[in-house]
Amino acid sequence: MQIKNPKLTVVGAGPGDVELFTLKGIRALESADVVLYDALVNPELLEYANNAELIFVGKRKGCYAYQQEQINDLIIARAKSHGHVVRLKGGDPFIFGRGAEEMEVAAAAGLEVAMVPGISSSLAVPAYQNIPLTKRGSSESFWVITGTTRHHKLSNDVKLAAQSSATVVILMGMSKLPEITQLFRESGKKDIPVAIIQNGTTPEERVAVGTIDSIQEEVEKLKLSNPAIIVIGEVVRNRAQLLNLQVELAQTS
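Residue numbers 181 to 433, in the numbering used here, belong to the letters of the sequence shown in order.
Everything labelled a hint here was simulated from the structure, so no lab data went into it. What you are looking at is a predicted structure, and each value in this text was computed from that prediction instead of being measured. A couple of the hints might just be wrong.
Pairwise CB distance ranges, derived in the manner of DEER restraints [claimed, not checked]: (1) 316 - 247: 34 to 40 Å; (2) 185 - 371: 56 to 62 Å; (3) 292 - 206: 17 to 23 Å.
The beta carbon of each residue, even a glycine, is placed where N, CA and C say it ideally should be.
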C-alpha cells in the first residue's frame, strides 16, 4: 500500500551520552515507523522507537552495512511503504554527517523532510574534558575540520588552521595524525597543547594530552584510535588548570 504522506526526519543523536539527546529527537523516534541508525549512535536511544522497524546502516572499521546510494534508496522505499523514516546519525547530521545530502535526495523523491539538530561531538567532547573551544585571552575563534576528505586525503584547511591563533578541532583525523602534527611544526607550533579524546562522553572515554611534539608518543602509549577528537590550542591547558584548582580546594577543605 502506498503511503499518502511519506516523511524523512534526520535526527542528530549527539556525541554518545544519552542525556545529551534532545526532547525533539525523542519525539521523532516515538513517532517513527522505521529508524535507520549509524554505528556511533548509542543503542539506548533506540528504546524510544518502540513501534519502529530498526535497521543498522552504519559502518565499523571500514566495513559498510550499506553504501550511501543504498541508504538513499532505503530511505525512499521505506518512507513510501511505511510512512515516517527517522535517519538517526551521531553528533549533528549537518556537521560532516551527510544529513543535508540525504534530505535533498528524499525531497527530490517527493518526501516531506525535517531535521532535528544534535549536539556535535566537536563541541561536547572537549567540553566534557573541561576544554573550552574559546576562552578570553587564549582563543577568539575555532575551526572544526574533517581530517579525511572524500578522497581520503588530509584537508587543505588543516594547513590554513595551523597558521591561525584559533583552537583547531579535527574530526576523523587519527589516521592523519603524523601529517597534522607536521603541519603545525612547520608553522612553528611544536609546543602547542593537544588533547585527543576517544569515545568522548561515554563510559569508554579515554584521553591523551601532550604537545604537537609529544602527542604521537602519548597516543601510542595509550593505544588510542577512532572514534576520537583532536583538539589543538592553548585552551587545552584549561583542563589541567581546573583539575589543579579542584585538587587544591579538596586539600584545604
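*Structure-inconsistent hints, enumerated in ascending order*: 1
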